[in-house]
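Take a look at the letters that make up each chain.
Number of protein chains: 2
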Amino acid sequence: MAINSSTKWVYTFEEGNAGMVNLLGGKGANLGEMSSLGMPVPPGFTITTETNAAFFDSGGKLPDDAIEQVRQAMKDVEEAMGRNFGDPDDPLLMSVRSGARKSMPGMMETVLNIGLCTATIPGIIKQSGNERFVYDAYRRLITMYSDVVMEKAAGIELEDEEMAVRPQLEKLMDAIKEENDYELDTDLTAQDLKILCEQYKAKVKEVLGKEFPDDPWTQLLGGVGAVFQSWRGRRAIAYRRVEGIPEEWGTAVNVQVMVFGNLGEDSATGVAFTRDPATGDPHFYGEWLVNAQGEDVVAGIRTPNALNNYCKQPGQNDTLPSLEEAMPEIYKQLVGFRDALEAHYKNMQDIEFTIERGLLWMLQTRVGKRNGMAAVRMAMDMLDEGMIDEKTALMRVDPEQLNELLHPMLDPAAEKTAKKLAKGLAAGPGGAIGKIVLSSARAHELGKKGENLILVRIETSPEDVDGMHAAKGILTARGGMTSHAALVARGWGKCCIVGCGDLEIDYKERTVRAAGKTLNEGDWISMNGTKGVVYKGQLPVVDTDPDTNKWYKKLMEIADRTRKLGVRTNADRPEDAALAVKYGAEGIGLCRTEHMFFEGSRIISIRKMILAKKKSGRIEALAELLPFQRQDFIEIFQALEGRPATIRFLDPPLHEFVPHDEGGQKEMARAMDVTLAEIKEKAESLHEFNPMLGHRGCRLGITYPEITEMQARAVIEAAYTVEGSKAEIMIPLVGNVKELSNQKQVVMDIFQQIKAERPGQEPPEIKIGTMIELPRAAITADCIAEEAEFFSFGTNDLTQATLGLSRDDSGKFLPVYLEMGILSRDPFEAIDQDGVGRLMEYAVRKGRSTRPDLKIGICGEHGGEPSSIRFCHHIGLDYVSCSPFRVPIARLAAAQAALSDS
Amino acid sequence: MAINSSTKWVYTFEEGNAGMVNLLGGKGANLGEMSSLGMPVPPGFTITTETNAAFFDSGGKLPDDAIEQVRQAMKDVEEAMGRNFGDPDDPLLMSVRSGARKSMPGMMETVLNIGLCTATIPGIIKQSGNERFVYDAYRRLITMYSDVVMEKAAGIELEDEEMAVRPQLEKLMDAIKEENDYELDTDLTAQDLKILCEQYKAKVKEVLGKEFPDDPWTQLLGGVGAVFQSWRGRRAIAYRRVEGIPEEWGTAVNVQVMVFGNLGEDSATGVAFTRDPATGDPHFYGEWLVNAQGEDVVAGIRTPNALNNYCKQPGQNDTLPSLEEAMPEIYKQLVGFRDALEAHYKNMQDIEFTIERGLLWMLQTRVGKRNGMAAVRMAMDMLDEGMIDEKTALMRVDPEQLNELLHPMLDPAAEKTAKKLAKGLAAGPGGAIGKIVLSSARAHELGKKGENLILVRIETSPEDVDGMHAAKGILTARGGMTSHAALVARGWGKCCIVGCGDLEIDYKERTVRAAGKTLNEGDWISMNGTKGVVYKGQLPVVDTDPDTNKWYKKLMEIADRTRKLGVRTNADRPEDAALAVKYGAEGIGLCRTEHMFFEGSRIISIRKMILAKKKSGRIEALAELLPFQRQDFIEIFQALEGRPATIRFLDPPLHEFVPHDEGGQKEMARAMDVTLAEIKEKAESLHEFNPMLGHRGCRLGITYPEITEMQARAVIEAAYTVEGSKAEIMIPLVGNVKELSNQKQVVMDIFQQIKAERPGQEPPEIKIGTMIELPRAAITADCIAEEAEFFSFGTNDLTQATLGLSRDDSGKFLPVYLEMGILSRDPFEAIDQDGVGRLMEYAVRKGRSTRPDLKIGICGEHGGEPSSIRFCHHIGLDYVSCSPFRVPIARLAAAQAALSDS
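Sequence order for the protein chains is A and B.
The number in this note's numbering is simply the position in the first sequence, starting from 1, with 19 added.
The number in this note's numbering is simply the position in the second sequence, starting from 1, with 19 added.
Heads up, some of the hints might be wrong.
Identical copies look the same in the list; a pair holds intra-copy or inter-copy alike.
Pairs of lysine-lysine, BS3-like flavour, derived with a Cα cap of 27 Å [as the list claims (entries may be wrong)]:
no., residue 1, residue 2
1, K527, K699
2, K121, K757
3, K699, K685
4, K831, K699
5, K583, K745
6, K388, K365
7, K454, K550
8, K410, K365
9, K388, K572
10, K831, K757
11, K786, K745
12, K831, K701
13, K831, K634
14, K763, K831
15, K632, K831
16, K633, K365
17, K351, K757
18, K627, K831
19, K745, K763
20, K550, K442
What the hints contain is simulated information worked out from the structure, not anything from laboratory work.
Next up, chain A with everything else stripped away, as it sits in the complex:
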């Protein structure tokens, strides 16, 4: 950016508008916009983002002509207000606030009440008639200014944080309160505050070695410089790294006249939303407080009044006058502004206003945050109202927000007063209540009786799936977002909290200790899996059925019409498949057959197979499994009603089916009538250094073709049984086309056999394809496509191999990487587009170069994550597959991806 003598550094609010966000920042542009709409905005001006660059270029100084322009702009403000900055009789007070292109809430600095000094205090007292108000404002100025301008912006870093100026000042305040036995800050009298201000100034001198400036212009320019400086503050840098905001954007600074809502009964302050942010109801919604400052509304010390009758909360503020009742004229004016803002921004706005001595001032407008329910309803309402078009309506809902519509939730009101027991990682959204049960076997038993249960374990393993399935919620003391518990729970849409280190679980005593309390097995607890909080007792649960929500149904209808990607589900059980179909899944993208192996007597058979010393023994054990597998597939095909099912053949290493603890091994030895030593020996011989890279996937099917044969028979016979079945047999962990040819031949041989066994019967549609989950598979996709009739990206494993990163072992450094900004997102959550993504793109291109109509999907966890879905759309996949509860999310995300094409 070239700086020359004619550079315009400063824009009054009247000069700005919403199109100037890059130059004026979001706040400044919106203040300008409101000004243009003719709303009463406290006068002020914006110093541009370009000034920030110039400020850093000249080593932290404002350009001389910028200072000149500030002085000129202040003159305009003084004129508009008819009052002067620093005037002893009736001075203006100013605020200095940051305002970047993108909101960076709480990351940069603000200084309020600028202009208060020895010379102006008496005048303000006279004007306001409120000495306490003035000294309180002065105290706040000293605190903010010394902290922000004199300490932080000056680059003073104290090793002991307690020695910094702000805590030192707070100590003085605490002392005076203690002395006078006050409880609240508001108990302090004007006299107390006056004394405190003198103490503050002395302490600032003591700590920082400099006087607090008693000159309004010094305060103002110091404040402006400090806000610019705060762009390079530690918090801001960290935030930008995470959010990907470029350093060179810089912030603008807004200098604005202070208005006060706490100057008496004709003053007030409030916040409002142009529609109800909790439900989406198109009523004006908000709260206000008479004789108060903005922060009092949010602080929760006083119960705020309702804006109008609609907003009154029974038992809370329904006896307090609404703004509509107390100040009907002002309310009417505000409603006018509300309508104008919605019409102008075509979105729900979150506004702040202050009434100073009977005059309404608009302080801020911005797009209002809303919950999922409200987002869906507002989008559809605004579409109906003709305010926005379909495309805009679709883009208005964050796909993740649909979670709220799909899972039962704890009643938010009840949560506020409930007894919090512990906090962990929010691994499975929604709410659940149930009795604590500490063993999966017991959960399985009690679950049959229909009891509400929460399975509480230190961690879970594949052996726990029966119990996990029986429980309403799963709570573990260890593990991360990709632990076994988290993965399984997400797959089932089950409420789940993991890594809840606060819990001390004693399996022997059958107790759980948390927050100083001891709970016994059978005690009730409640979980909020969306936030990761555990409560004592039974909280009320709010159930939601999206099918009864007309706005949701309409949104999904538009989404389905818009999207180009198919959406399938990952489902291992018939009930999951049925649920996913209800949620709009167009088939199964991943049916993992191994989960079936843990149920009931099947685990005995699979272990028999593992222990068998000869092929004949393995074939015998597999024959026991065949009827179970076939029945599972029959039920799955029935649930799908003709939709396709991609069935992955056995994938995990065999040692996952053998218990590793002596207890489990003893049990297994008993159940199977062999010696413990034999079990131990087998477990040891199956041990692997890097099981992720070991004897698993098609490597099992190649070394033990009888496993593939049994699975092929189960799938094909089931497909024969259920008319219209479409089976897609997926061979896992292929890295070399010859592996696929080998397994394909085994399957085709069985298919031929079955055909021969059923002459005259129409054979079902069977396709054979592979997971692309090894880098080598992606690299040689052209060769693999010679044999594969479809691809499905297994992005969990593909990420592990491509990045050389074990999901289970990354906990020691991945958080550090995220914090340092080496990674911007967890690659197991969102596809690493630059690495794994490039491989995927290459594989799609190469695969289709061999077989132009190759069907390609994704079945890794990423298939339900919106940014990854967008990526899959752009590289031309045919479908994504995700857990049943994420199917609607994927449908919406796919639609949004399709919109981003045009």
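Given the coordinates of chain A, work out where chain B should sit on it, guided by the hints.
Just chain B now, kept in the frame of chain A:
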């Protein structure tokens, strides 16, 4: 191939030549060639490889016109010999042999003595005057024919192999020998053999249900069909899969008149090499036996006579007459043929000849196998003789053969008579003798006294390196070609045998049991690491110093002049670096710093660092390591004399430095004065599910920057100390350019500090680069090259990640894959060019798109493997790096790669 009535299926030897290998096979073409050179080849003809295809196309039948052409060709043969096939008075006998394009030794079938039947036997007896000879030939015909033609080619497969016809016939022979108390087959009389032939024919009928054919033409056509059929025999298919020979090539069949060297004292048979295959000496070299068949020469029952004085072996056959002495005219004729063949083929030939009743017949000529020493000498001699050019001379030596010139060897003569104890995998070439030592600590101790030791362990771990270094050879009961022992040994050029399952090692009793013997610690054993054989006692060792071999030196001089690839070495110690320089290394391509951490007191310091709870504790422990590391690097830089050294920073996960067994942990607790519980807890907290994909490489340096700081300081200070040092600091396991930026900054900060500490001193040349060992690094090579000043492919890890294949865990399925032909080579041995190779090629292209002068090398094990070196040359790497002992191999392979360009 189109078949039409004019297809020529049969070529007489006179019609063939060496250019017709594809049609006539190698054997047929060479017989043709010798015929053309005017040498006496027993007349015959070749049935083409095309006939084989036609044979299979028509379901295993010869085309009618092919049979017609065979009959015609037989007429020509009869005419040439003046004898007739099936003539009762003076019949011709014929052989039928396979002959594919590429030699497939022992993989296909042969039938000899065809034409012997009731009608012709009396005539042959009369002609030969040797009834015993005739019945012995008849017995052989029945055995071969019934096995090859009547059983195998007919597709008869018996479940019990003992029930097959050949073992049944052998039982009859054993019975007659037992009955007569004979020891050798040669003890059987003519009468015995005559009886045996009758028994044989009856048994054939009994086992196969068919009569042995008594008609010469049935025998001949049956034999031809059976040889064609054997192309699809199980052994042949398996061999082709491994060797990558296409199924469609097919074999030719050679039908040739039998000549006999066992028809009396004027008959003889022999094999000869045109030069000495053991030394390369340009003397005619060979053996012969009077009145014998070809198989007698190789069977070793009779000691063969020498061809000439040069070949006489003292104490063996120096008293027997040489062919030159016994049949000077024939010898002279043979020498003429020798000269003609060498002049014609311009290579050393391996020939077979037979003298039948004073007439010399040339049966075969082919390029002779030779050992490494001989290969080098022959190539250089022939170059000097003007027989071949430099390019041909370079290509004549298989780079792997140089191994023989670089390692001491057990005396081959002594090995013949030594007591074999066990056989394992040949993991480190050469020979070694020493006393058994069963613990590394003891080996380390005894090694200081200069004792010759063989370290014998069940397996080795990084804690054993001191002991391994002290030993002359390493022998383990477990582990494969890529086990720890094998890797370390190869790196040091140490004799090593692994996976020697025959050994029972008892650490407690300090004994080793093998081959029914119990050896104690301290007993002498000898190892042939090239073959994987262990002997009892001290065998003589033959030392070789390539520097004294003028042919080797000349070869290397030509190689260095020809190659374009640089050759560096992987060396962790100064002595290895010095050795590699002596072998021609141009620098270090990989210096692994972690091996240094195991020596002496260093392991204590590294463990202190691991146990430290705070950064300050780690810094303290690292400070103890600094002087050691610096000194190591000083010595390495000194050994390199200004050549560059690529130094890889700490790579393995920290748990590799903590003992996993309780004994070791106790010892560690004692040494470090902490509780065992503390050690155990640490070991557990460091445990990883997939260490290969865990907290290692730069992930360590990023989470513990103090480690990188210490290593940077050690390298840079050492480089300052040794003038002219060139240090290339290599950051391991980078997958994301930001990881490299981070570590580069840490190193650069230290470099700045050191520069500041040494004002006025010229700073050394420091480059910072990275390993490309993760697929993501290859995929994002363009980004990584922004920061990296060089790349080095870590193909071991790159292979593991790309293929999703743990080297340590692949033992359960990799052998199956190789056997089934899913893989043609172990990807840890030779670069997987279609997978890993494509990634490498991509990374080279992308890396150089960012930084055109990017220096790129390879430091994985593949850097010393000829086919991988050729690949590295073709994708444009700057250098390969391998263990010191493989440096000459790499130099030659690189030269051969360069030749393959033109």
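Hints, one by one, checked against the model:
| no. | hint | verdict |
| --- | --- | --- |
| 1 | K527 - K699 | both (25 Å within a copy, 23 Å between copies) |
| 2 | K121 - K757 | between (52 Å within a copy, 25 Å between copies) |
| 3 | K699 - K685 | both (9 Å within a copy, 25 Å between copies) |
| 4 | K831 - K699 | between (31 Å within a copy, 18 Å between copies) |
| 5 | K583 - K745 | within (22 Å within a copy, 57 Å between copies) |
| 6 | K388 - K365 | within (14 Å within a copy, 87 Å between copies) |
| 7 | K454 - K550 | within (20 Å within a copy, 67 Å between copies) |
| 8 | K410 - K365 | within (13 Å within a copy, 79 Å between copies) |
| 9 | K388 - K572 | within (22 Å within a copy, 80 Å between copies) |
| 10 | K831 - K757 | between (38 Å within a copy, 18 Å between copies) |
| 11 | K786 - K745 | within (8 Å within a copy, 58 Å between copies) |
| 12 | K831 - K701 | between (31 Å within a copy, 14 Å between copies) |
| 13 | K831 - K634 | between (42 Å within a copy, 16 Å between copies) |
| 14 | K763 - K831 | between (40 Å within a copy, 22 Å between copies) |
| 15 | K632 - K831 | between (40 Å within a copy, 15 Å between copies) |
| 16 | K633 - K365 | neither (72 Å within a copy, 55 Å between copies) |
| 17 | K351 - K757 | neither (76 Å within a copy, 56 Å between copies) |
| 18 | K627 - K831 | between (37 Å within a copy, 19 Å between copies) |
| 19 | K745 - K763 | within (17 Å within a copy, 54 Å between copies) |
| 20 | K550 - K442 | within (8 Å within a copy, 63 Å between copies) |
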